[in-house]
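Student: For reference, the chains in residue letters:
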Amino acid sequence: MLQVENLDVVIDSKPILENVSLTVADSEIVAVLGPSGSGKSTFLRAIAGLVEAATGDIRWDGRSIANVPTHRRGFGLMFQGYALFPHMNVGENVGFGLKMAGKDDIAGQVEEALSWVGLEGFGSRQVESLSGGEQQRVALARTLAPRPDLVMLDEPLGALDRNLRQKLVTDTREVLEERDVTAIVVTHDREEASALSDRLALMRSGTIVQTGHLEELLAHPADEWVAEFIA
Amino acid sequence: MRLIPRISTATLVLAVALVGCQGEEQTEIPETLTLISHDSFVESAGDTFDAFTTETGIEVELIPAGDAGSLVNQAILSKDNPLADVLFGVDDSFLSRAVNEEIFEAYESANIDTVDEDLRHEDNLVTPIDFGDVCFNYDKEWFDQNDLEVPNDLDGLTDPTYASLTTVEHPATSSPGLAFVLATIDVYGEDGWLDWWAEMRDAGVNIANDWNTAYYSDFTRYGGGSSIVMSYASSPPAEVIFADEPPETAPTGVIEAGCYRQVEFAGILDGTEYPESAGELIDYMLSVEFQEQIPLTWFVFPANQDAELPPEFVEHTAIPESPARLAADEIAENRERWINEWIGVMEG
Amino acid sequence: MKRIRWGWVAVAAPPVIFIGYFFVYPLIRILVLGLSELSVGASGVEARLIRVGWFTLWQATVSTVLTFLAAGPLTWAVSSFEFKGRRLAMALATVPFVLPTVVVGTAFVALGWQESIGAILAAHVFFNVAVVVRTVSTLWSRIDPRIQEAARVLGASEWDVFWRITLRLLRPAIAAAASIVFLFTFTSFGVILILGGFRYATLEVEIYRQAVTLFDLPLAAALAIVQLVGVSGALYWYSRYQERTAVSWTLERGTNLRRPKGRARTGVLFATLGTLIALAIPLSTLVSRSVTGTYYQALFRDDPVVGVPAHSVLNSLVFAVAATLLATIIGVLAATVITGRSGELSRWFDLTLMLPLGTSAVTIGFGFIVALDWPVDLRATRWLVPAAHALVAIPFVVRSTVPTLRSVPAETRDAARVLGASPFRVWREIDLPIVSRAGMVGAAFAFVISLGEFGATSFVARPASATIPTMIFRLLSRPGQTSFGMAMALSVVLAGLTAAVVMAIDRARFGELGSF
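Residue numbers (our numbering), protein chains in the order written: chain A, 334 to 564; chain B, 11 to 358; chain C, 31 to 546.
A few of these clues could be false.
Stated by the list, open to error - If the Cβ cut is set under 8 Å, some of the chain B residues that face chain C in the computed set are:
hint : residue
1    : S50
2    : I73
3    : N91
4    : Y198
5    : N219
6    : E249
7    : I251
8    : F252
9    : A253
Hints were generated in silico from the structure; no laboratory data involved. Cβ atoms here follow ideal geometry from the backbone N, Cα and C, with glycine treated the same way.
Generate the whole structure from the sequences, applying the supplied hints.
Tutor: See below:
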């Protein structure tokens, strides 16, 4: 279980996140929904340990992980632009986390992870030769392959066209559920958010305004902005 | 357990004492002696020191240190912890600086009597090993074809016919250039030398920045416009030896007027651990065996008068009777002023 | 939270120790010695000093601008197009860079370009065209063509795209190349002596004259400080500029070369042939003079005076390999430190690494003599030669790798960290492989610099093995047709060797990229 408590993040003396709290139960998928620039990505980066919290605490299974460096947190983060390693092929990208963990039989696990996303046999392909949708799936496979405790997806479908998106929303949801993962999905798209997650957290200007299921939010919006944004 | 440190301390004291005693007398024969010199000496040395190694069992390690100026400067900068045991290649123009900085230990070589008095250093701080004369060279073929007489003194050169056919090097950037300026000072004295140069300027003498340009670009022999070029007395034999097909007679000749003699010395560097072996090395460098290798290895003349010259040097060049030469102190004191005065006259 | 980052210490230590021991420490020792009046000479030459300083500055500025103008067309051609002979053209353009100044000086003199400011500037351009072509094209060829296409679609003419998009994106590489060319010409020595003579003295020439010929160490030290201050100022401005203009965009993995068509084809043809012919004219005088006799065979014969000249090739290769390894390892580590840390400290570190390029050879050489007998006496050992060469080559490795490292998006490293890579593993798995390609460009430079280097090492005592440049110099300084012909032949060998090495490295680099 992930617990974020009263988190403040300040970057270049500008407050980006203010007093953010969020709990994600095991096997739960939470979507953080908000407009561009509301601090969603920074929130994920803070959980991953890529940015430092000014105040507040982040706990995993009740234990504070504030002082655990990124590479020992055992979380997965899929970046908005995928951040695939340009000098490695698909297999090397997907196997990277396993290699860092010192696992055996990386090849077999890579092939398995690729099969989750329907890219069997893509291991030796060059990253640059892939289409946008394929890159998304490689990034997803790379994030899932080391079987992280928590999976974070930053605008996982943001760069793709509409048709592809609809198909991949379903695929991604399936993949996440089959793996029974705990996940946070960041998106600015209401439909995507509700399709991918069990619960929504609305973020605006660095604070979480309201959390709950889409129906709840629609029925009882906390304020006018919420009502307008999710309408 | 306490005994061990005490023994070490005692050893240390003894060692310090021994080091203190050293300096005057050499306690052992070294495996290797180091000789620092200018690049051109080291790169040509080849097996010329093998005989010394056979005789004494001491290897000679040669260290090149740039040009002659750089060599002397390095020796001065490192005088507290010398780079080598022996230095070779200091000439008159840098000698007084080296002497003033006290980098040498005096040594009178066993073979010094074979050397002309004029070449020797008065206090035997350094030992003359070779000398070379900077002289005008002329293109024989060109003079034959143009049916001109070769001038035989410096006054004759100021004739516009000859002056416009002459190339000298710039004294600020070239060592033969400086040598020739010194020659004119020696010949005409402080009062007259600049007048001679003014006449040469008006008559159209050509000035090159370095020997290389003067010889390989401006000399008629290599396609240039000057049939008289300031070079070395050893250049004509070199033209025979380094020709594609060695000719009967040298294609160039030496004009004996206006030659300047440069003497190169060797000295034991003060602070060496092996002063006696270093002395032996200097004796060897002055021996007939080594001296007879000098002409064909470095294209200069042996200081030892008993050394026989190779036939090329006998046939194709001459050792000038009375070359110009100035005292080291005088050069050190006035060089900068002379060069500036020369520039004032030649470049306005 | 503040922990000592041992990984960083491990990465930073080798370059810091190297540059500290082989540059900063000798420099301080010689300057202190010089200023503490080891020997007093004639001073009071302010007028000349100002003249020399002014000449140094303006000729370096003009040379840099002219070099860019001359290199522009070829840089454009090799960065945008794939065509027959492209790699050969790049290799040939690199040849002048490695030739010893004495050889180039001879070639220029043979062409009748002697003793004029025009000859000096022409020689500077001739030497440095390669720096611009190689440094700039590395980045240029990897700009995503879509960026330029986007601008075209937005109504920009080809010229607008070049001026407003391409040139702006290339700023870091242009600044890098300009700084190197400026430093090279600011500290020009051999070219000035041979083609300019006494009238056109740079600070470097004046330092040599004062230190070596007149032994006025205090004045030489003062001049060296003036030179250092000037060079540091230029470098400081440059690093501020580079930091300000560094843009991070996703570099294409491979190069984006098209086949030239239509007008572009003509352009490429003219740009390539024109540049190569201009560069070939001085080189052809070397070749034509080297083939008038059996001089190449003579290189393998045991010469009574200089030994077997061909042996110098082996010596040069050994030194060059050692210097390249040293410069590449130190340079890549240094680039990692510079890009991984922002702020004043890293800027000064960067600047210090560049300084050897702008420090006179006499200063470095004499610095070695007074300083490097501690803790062990390195002064006359084999180590000194590659170390001195590496000192000059490291800036090239750093300059060619820093832009690439800066262009790696931070997210790429973050992604690796999230996937469990420790800071060291991030460097090992991400930075190092990505930088190694750019590092190869730097390594190529390091190799050819070492092959042709005739600067600092000529002022230090060193092991008695002649390298190609010293052998050429040696042959050129004695009379006789054969000597001259052999010197020309050896110069041609050096030029050929350079071209071959550069081409081999280019091929290895592109092979690894898998783009061809």
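Student: Each hint: holds or not?
Tutor: Going down the list of hints, with the structure as the test:
A cut of 8 Å between beta carbons decides the hint on S50 of chain B: the least distance to chain C is about 6 Å, and the hint holds. With a cut of 8 Å, the hint placing I73 of chain B at the interface with chain C holds, because the nearest CB-to-CB distance is about 5 Å. A least Cβ separation of about 5 Å between N91 of chain B and chain C falls short of the 8 Å threshold, and the interface hint therefore holds. Interface restraint check for Y198 of chain B: the shortest CB-CB distance to chain C comes to about 22 Å, outside 8 Å, so the restraint is violated.
A distance limit of 8 Å between C-beta atoms decides the matter here; for N219 of chain B the minimum to chain C is near 4 Å, and the interface restraint holds. Using the Cβ-Cβ criterion of 8 Å, the hint placing E249 of chain B at the interface with chain C is satisfied: the shortest such distance is roughly 5 Å. Hint status for I251 of chain B relative to chain C: holds, with the closest Cβ pair at about 7 Å, below 8 Å. Look at F252 of chain B: its Cβ gets to within about 3 Å of chain C, closer than 8 Å, so that hint holds up.
At its closest, the beta carbon of A253 of chain B sits 6 Å from a beta carbon of chain C; the interface hint therefore holds under the 8 Å criterion.
Going down the numbered hints, you'll see the structure goes against just number 4.
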